[in-house]
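Protein chains in written order, with the numbering used here: chain A, 1 to 283; chain B, 1 to 463.
It is worth saying that the hints were derived from the structure and are not from the lab.
Pulled a few chain A residues facing chain B out of the computed Cβ check, cut under 7 Å:
id, residue
1, Ile218
2, Cys224
3, Gly225
4, Glu254
5, Arg257
6, Met261
7, Tyr262
Below, computed lysine-lysine pairings styled on PhoX-like, alpha-carbon distance capped at 25 Å:
id, chain 1, residue 1, chain 2, residue 2
8, B, Lys282, A, Lys264
9, A, Lys7, A, Lys136
10, B, Lys412, A, Lys236
11, A, Lys236, A, Lys29
12, B, Lys406, A, Lys29
13, B, Lys406, A, Lys26
14, B, Lys396, A, Lys236
15, A, Lys236, B, Lys357
16, B, Lys282, A, Lys260
17, B, Lys142, A, Lys26
Counterexamples of contact, computed for chain A against chain B with all Cβ distances above 10 Å:
id, residue
18, Pro9
19, Asp157
20, Leu249
Ideal Cβ placement from N, Cα and C applies to all residues, glycine included.
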Amino acid sequence: MAKILEKRPLTPVTKLYKVDAPLIAKAAKPGQFVIVRIREGGERIPLTIADYDRDAGTLTIVVQEVGTTTMQFGELEVGEEILDLVGPLGMPLEIPVEGHIVGVGGGFGAAALLCLMRELRARGDTTTIINGAREKDLLILNEELTDICDNLELCTDDGSAGFHGFVTDRLAQMIDGDAPGRPDMVIAIGPMPMMRAVAETTAAAKIPTLVSLDPLMIDGTGMCGGCRVTVNNEVKFACVDGPFFDAHLVDFEEAVRRNKMYVKQEHEAKDRSHCLKLAVGQD
Amino acid sequence: MPVKRVEKTPMPERDAVLRSHDFEEVNEGYGIAHAKFEAERCLRCQDPICIDGCPVRVPIPDFVHKIAAGDMRGAAEVLRSSNPLPAVCGRVCPQEVQCEEQCSVGIRFKPVAIGYLERFVADWEMQQAPIEITNKLDRAEKVAIIGSGPAGLVCAGELARLGYPVTIFEALHAPGGVLRYGIPEFRLPKDVLDWEIDQLRKLGVEIRCNVIIGKTIAMDELMGEMGFSAVFIGTGAGLPTFMGIPGENLNGVYSANEFLTRVNLMHANDFPNSDTPVMVGKRVAVIGAGNTAMDTVRTALRVGAEQGLIVYRRSDKEMTARVEEHQHAIEEGVEFHWLTNPIEVLGDEDGWVTGLKCVRMQLGEPDASGRARPIPIQGSEFVMPVDNVVLSIGNKPNPLLLQTTKGLESNKWGCLVVRDQSSETSRDHVFAGGDAVTGAATVILAAGAGKDAAGEIHADLRG
Numbered sequence: 001m002a003k004i005l006e007k008r009p010l011t012p013v014t015k016l017y018k019v020d021a022p023l024i025a026k027a028a029k030p031g032q033f034v035i036v037r038i039r040e041g042g043e044r045i046p047l048t049i050a051d052y053d054r055d056a057g058t059l060t061i062v063v064q065e066v067g068t069t070t071m072q073f074g075e076l077e078v079g080e081e082i083l084d085l086v087g088p089l090g091m092p093l094e095i096p097v098e099g100h101i102v103g104v105g106g107g108f109g110a111a112a113l114l115c116l117m118r119e120l121r122a123r124g125d126t127t128t129i130i131n132g133a134r135e136k137d138l139l140i141l142n143e144e145l146t147d148i149c150d151n152l153e154l155c156t157d158d159g160s161a162g163f164h165g166f167v168t169d170r171l172a173q174m175i176d177g178d179a180p181g182r183p184d185m186v187i188a189i190g191p192m193p194m195m196r197a198v199a200e201t202t203a204a205a206k207i208p209t210l211v212s213l214d215p216l217m218i219d220g221t222g223m224c225g226g227c228r229v230t231v232n233n234e235v236k237f238a239c240v241d242g243p244f245f246d247a248h249l250v251d252f253e254e255a256v257r258r259n260k261m262y263v264k265q266e267h268e269a270k271d272r273s274h275c276l277k278l279a280v281g282q283d
Numbered sequence: 001m002p003v004k005r006v007e008k009t010p011m012p013e014r015d016a017v018l019r020s021h022d023f024e025e026v027n028e029g030y031g032i033a034h035a036k037f038e039a040e041r042c043l044r045c046q047d048p049i050c051i052d053g054c055p056v057r058v059p060i061p062d063f064v065h066k067i068a069a070g071d072m073r074g075a076a077e078v079l080r081s082s083n084p085l086p087a088v089c090g091r092v093c094p095q096e097v098q099c100e101e102q103c104s105v106g107i108r109f110k111p112v113a114i115g116y117l118e119r120f121v122a123d124w125e126m127q128q129a130p131i132e133i134t135n136k137l138d139r140a141e142k143v144a145i146i147g148s149g150p151a152g153l154v155c156a157g158e159l160a161r162l163g164y165p166v167t168i169f170e171a172l173h174a175p176g177g178v179l180r181y182g183i184p185e186f187r188l189p190k191d192v193l194d195w196e197i198d199q200l201r202k203l204g205v206e207i208r209c210n211v212i213i214g215k216t217i218a219m220d221e222l223m224g225e226m227g228f229s230a231v232f233i234g235t236g237a238g239l240p241t242f243m244g245i246p247g248e249n250l251n252g253v254y255s256a257n258e259f260l261t262r263v264n265l266m267h268a269n270d271f272p273n274s275d276t277p278v279m280v281g282k283r284v285a286v287i288g289a290g291n292t293a294m295d296t297v298r299t300a301l302r303v304g305a306e307q308g309l310i311v312y313r314r315s316d317k318e319m320t321a322r323v324e325e326h327q328h329a330i331e332e333g334v335e336f337h338w339l340t341n342p343i344e345v346l347g348d349e350d351g352w353v354t355g356l357k358c359v360r361m362q363l364g365e366p367d368a369s370g371r372a373r374p375i376p377i378q379g380s381e382f383v384m385p386v387d388n389v390v391l392s393i394g395n396k397p398n399p400l401l402l403q404t405t406k407g408l409e410s411n412k413w414g415c416l417v418v419r420d421q422s423s424e425t426s427r428d429h430v431f432a433g434g435d436a437v438t439g440a441a442t443v444i445l446a447a448g449a450g451k452d453a454a455g456e457i458h459a460d461l462r463g
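Looking at chain A on its own, in the form it has when it is part of the complex:
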């Protein structure tokens, strides 16, 4: 059980939570994730650790409401408990390259850059974050991100804030020499199509790039193998070998396909929880 200490909406479908989890906060390193279960009969889903505070014993996680479990999560209020919270899982992120490190966050992916980019800056790297979303209101955590990196670049598809265009367009400009300059390393976290586009953008320029994969998981400890991904023609378990992999070697097509395995059941489950809510008059 982990108590929710703070809840803050970031967009209509994205919320930030601070939870009481001293053991995990103490052990967590940038790039790791937790697995949560909200209720009896609930799913186990992985969530990236956006940030941690060892002294306060808290974890920050950002949840985008896309399916049954994340929607149930969205209904949890301050003071309530998360039924099961386990972690930190996955390999901590190791960045062998030093210099100008660019973190690209798409949608709620920007949250995962928080502790990561702060650590890199602390070790002496120059850090840039490209925070992108469809429109201004969907950009998250701008203030927090400003504080922890050297340059924060905003991008919106519709031009309502910052650069008008995709994160990859802005990234391509930097690769070509635009301020703040060509990256020595890129870390991309966000929706699969965005990470794939980033990988394609940096491949030609031969810039080392990591992506954080987010496949379906159950245990998160290597026991089920449901999260297997193909990297450099080798099968890896994202939960124990990842979640970060070399973007230029990931089989994105397979990863996208495997993530859609339960689309039909997801709709069924969502319809059902909607019906149940109607039945008890919550909606």
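Given the coordinates of chain A, assemble chain B onto it according to the supplied hints.
Chain B only, in chain A's frame:
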């Protein structure tokens, strides 16, 4: 006096057609009359060698005689004092190659049904009169147990009986390890498992779920600031093996671990009341022929498959599943494809499984395992149309703890190395047993290892 009867008293079973569509237990268990009738067959040997066949050394004749005399409570006391998991072991032990293989009655007749009797006594206690547990944890040294599978549970129970405060750390949200996520409800009902675990809690054993030693808490912290004097590692063999054939990552291919975990731990059979689904088409092929493969194929039938298939590269003689599990699978209509080796999983343009390409095999000379080596027959490739493929070809120990813990020696298979026949690892005061040491084996061997380790930990802490 012992009564001569050739056959075992049969286990009452549910009808195969009915049971293959639900998760209720297949074996219904003996009633009092069955149990007394069967217990009378025991010869009361001077030298009861059946005990030698039991990894936890249950004093078998003692409890069997008490059943014959109608003293069920006495039988339960004998059993519980020697085995912390009698209701589990009575259901899932391969008694035919352990106690019952040793049984003297078995020289001329069928051996005494020790397993069925063990289960009867454990169930009688659970239903009629739980033995009151009064246990004092009066020793100063705390012991940590990593993993709540059979090895960890038995080790914890034994140490608690010896008076040690014991804490079990479990990675999942519910305790039991493979007894929880691996063995299906129709073979081991989860309320039976819960009851057995509750008895351990009554002994004073503390269980902390959602803690991964090596991730949440480091081994050094455990033995340092957290103050545990000794550690038992019972992390099992939970890393699934894949074949490495093309198409293994298609949608609809599972490891047996994932398939069974979705149903047993996450209750996918109850979807959408529970939120975790499992994808099952009309024809499900399970690769492998061990107990896990039988559990998997029978589970597939129960979650909606019309046809369950076992695909195995050797013949039925080399299969590692228990006779009873194989028999139950036959009764439930499972199709067996012996001497058939999958070489590719085939899929449609959307990436979903459509078939399994196989090659026929013939048996050659014995291999390293002593079993006949299967050899492909040239030109015998064929395609089996299937909607799902589940791989049940074995598990290796999980490397998570080893990756993050210094000074723990392991072998090339990832198994923890222990000092000759003992449970001592290469680190002081750290012991290990069960599948984490031996590689994938049985519940009762793990339980036996847990019991032995408890004795060694006691000696270590007193020495």
